[in-house]
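Using the hints provided, position chain A relative to the given structure of chain D.
There are 2 protein chains.
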Amino acid sequence: MNIKVKWLKNQLANLKLDGMIITNPVNIMYLTGISEEGTLIITKRENIFITDGRYIESVNSKLTIEDEIVVYNSKELDKYDYENIFTMDDNVGFEENYVTYENYKKYLHTYRVNLIETEGMLENQRVIKEEEELECIKKACEITDKSFEYIIKNIEEGMTEKEIAFEIQKFMIKNGADGLAFDLIVASGENSSKPHAVPTDRAVRSGDIIQFDIGCKYKGFCSDLSRVVFMGRIEPEYKEIYDFVLNEQKRIINEFKDGANIRTVIKNIEEEYKAKNFSVAHAFGHGVGLEIHELPRLQAKTDNILKENSVIAIEPGVYIPGRFGIRIEDTFKINKMSCESLTKCTKNYVII
Amino acid sequence: MNIKVKWLKNQLANLKLDGMIITNPVNIMYLTGISEEGTLIITKRENIFITDGRYIESVNSKLTIEDEIVVYNSKELDKYDYENIFTMDDNVGFEENYVTYENYKKYLHTYRVNLIETEGMLENQRVIKEEEELECIKKACEITDKSFEYIIKNIEEGMTEKEIAFEIQKFMIKNGADGLAFDLIVASGENSSKPHAVPTDRAVRSGDIIQFDIGCKYKGFCSDLSRVVFMGRIEPEYKEIYDFVLNEQKRIINEFKDGANIRTVIKNIEEEYKAKNFSVAHAFGHGVGLEIHELPRLQAKTDNILKENSVIAIEPGVYIPGRFGIRIEDTFKINKMSCESLTKCTKNYVII
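As they're listed, the protein sequences go chains D and A. Following our numbering, the numbering of the first sequence begins with 191 at its first residue and continues without gaps. Following our numbering, the numbering of the second sequence begins with 191 at its first residue and continues without gaps.
So here's chain D without its partners, still in its complex pose:
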């Protein structure tokens, strides 16, 4: 049996649960490598993946006998088959943060068990990355770095944000990415003031800030990188904000390592923002893995201790509505004594 499913079975035993129903595709991918639609069911006796005719062939081609996962076609299962997966009165875990209220009720009816909340058990486990997961994230970061280096050599005045975003995407895919980690952001001039800007037909011109927020996927794992470049020249005001943001990122990096309390660090950063009258509406970062936003949360609300081998994006930014914004972001791995940048492209002023 693969080590992650084995881990899960141990967890369930500790929690006195008789099994678990897993439907969040990201968690299924995490546990089994299966990316096809379906439901993963862990019982005391066996591990089952229920899918349909479209996917049987490709799921079976991915699994080996050592996975100990039996694949079923949902069309071949009837009411009684479902009722017999578990024993009546079994306590079965489910993903209360993924399953809709409607499906919760359907599960009760289908499986005839007691459904027990698992409190984000799988999402919490995903925080700590295995060696091979880290390798995928590193590769995604490497492709992202290269795509940034490529684009800053190829931007010309008059290109639109959309065109620039395309060139980045094309470069990423050509260089081995499975796809994008999210819709790429290329925001120029006043558009940069919106943290979630969508590329427009605005052409870049001299004097512009261009904000990039880009990332790709490699074997399912994400990268996240934000950089700002300047067209032709840097206004002194831009420089000032750039230095502030870069400095805040450095301050976070210096504090982050295994055992650090995210709350304390972020609280201090928020104080400095407030002293300058900058908004703290936008988060300072997030975990990165199979999802572009996953645990841990980088917020000052609750205590949250960083753990070795977790991966996070740290992205302080300053946004001045209607004028401009500057965000600097890298993807980091948390080490025993440090916070190691997996994205490595330059943070010097880039003027093109």
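Simulated from the structure, these hints should not be mistaken for lab results. Don't take each hint at face value.
Derived DEER-like restraints, expressed as beta-carbon distance ranges [said to hold, decoys possible]:
1) A/278 x D/437: 47 to 53 angstroms
2) D/526 x A/395: 50 to 56 angstroms
3) A/373 x D/451: 36 to 42 angstroms
4) D/250 x A/491: 23 to 29 angstroms
5) A/462 x D/336: 49 to 55 angstroms
6) A/458 x D/364: 42 to 48 angstroms
7) D/336 x A/278: 57 to 63 angstroms
8) A/395 x D/320: 38 to 44 angstroms
9) D/194 x A/373: 23 to 29 angstroms
10) A/277 x D/471: 28 to 34 angstroms
11) A/343 x D/539: 41 to 47 angstroms
Derived list of chain A stretches under chain D, where covered just means 3 residues or more per stretch with a C-beta under 8 angstroms from a C-beta of chain D [said to hold, decoys possible]:
12) 237-245
13) 282-292
14) 373-385
15) 465-477
Note that CB positions come from ideal geometry on N, CA and C, so glycine has one too.
Then chain A, alone, in the frame of chain D:
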């Protein structure tokens, strides 16, 4: 007040509900045009949109006084503000098909009301398109048609599936699309046998089938088009399947109009598939609108009456595992007496 919110308030009154909490972003977009993150709350007294600091500015810029929607910053609301939105003992609708079990419990705690399931009320209403929604879908279909016509003139032997998919995407965006309706499918040779193929580095070559499944968004509304083209020549076997699929699509089109029962039509088509020993694992179509897959479902399981001004994609296909597949798909508007194709590009054999 906008007519959709007015409609919803009437519905809630008919159902003896005192309000509704709406969190599905597609439903919020449908009702209000707001695409920013947040929660829309309808009470007897007022309509509220709760968002955060990142979005206040852009939401307010979209709304007019006639919308009668009050925008709040969630950071400025405390526990008691939330409890006072409704009156205790109010019966409040929620989206049980969207809200997770975890959030269901949070809502109970936050709003202190009785939460009542609304049985997909909003999704069912979205089936019937307004005139201006139809205009957006038509425009999305027009861009998609053009992108197909463009790509068949520009494919050359040796281009990879990924490269071809890029060119289509680029053309769509250049020609006014907001973005893609879904990850485009370009699947050549044996890859075409997978209905959900992802573009690969396989280069197209003489004798290949190339399966396209492409669509874009215009002002949030989707289009969906599938075509097959042949590189260099058509194998007789391909021709036979192509004709069968095209004929099945025609048979569906001939039956579909206001008042037709989807179940009956699809059942007949499934019989013909079974007579030829073709799999019916893949659905024959789906509703299209703000989402690429929405109601109605095109399946033979339950009675389902087609309604005027709904929009559906009809996509029969035949998939021969490990060898090839052929799917033909168009986006249609259901009229009183007909099924009108909104995508219009050729369905003759295309050899390139």
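A quick look at each hint next to the structure:
no. : hint                              : in the structure
1   : A/278 x D/437: 47 to 53 angstroms : holds (50 angstroms)
2   : D/526 x A/395: 50 to 56 angstroms : holds (52 angstroms)
3   : A/373 x D/451: 36 to 42 angstroms : holds (40 angstroms)
4   : D/250 x A/491: 23 to 29 angstroms : holds (26 angstroms)
5   : A/462 x D/336: 49 to 55 angstroms : holds (52 angstroms)
6   : A/458 x D/364: 42 to 48 angstroms : holds (46 angstroms)
7   : D/336 x A/278: 57 to 63 angstroms : holds (58 angstroms)
8   : A/395 x D/320: 38 to 44 angstroms : holds (39 angstroms)
9   : D/194 x A/373: 23 to 29 angstroms : holds (27 angstroms)
10  : A/277 x D/471: 28 to 34 angstroms : holds (31 angstroms)
11  : A/343 x D/539: 41 to 47 angstroms : holds (44 angstroms)
12  : 237-245                           : holds (count 3)
13  : 282-292                           : holds (count 8)
14  : 373-385                           : holds (count 3)
15  : 465-477                           : holds (count 3)
Comparing the model with each earlier hint shows no violations; every hint is respected.
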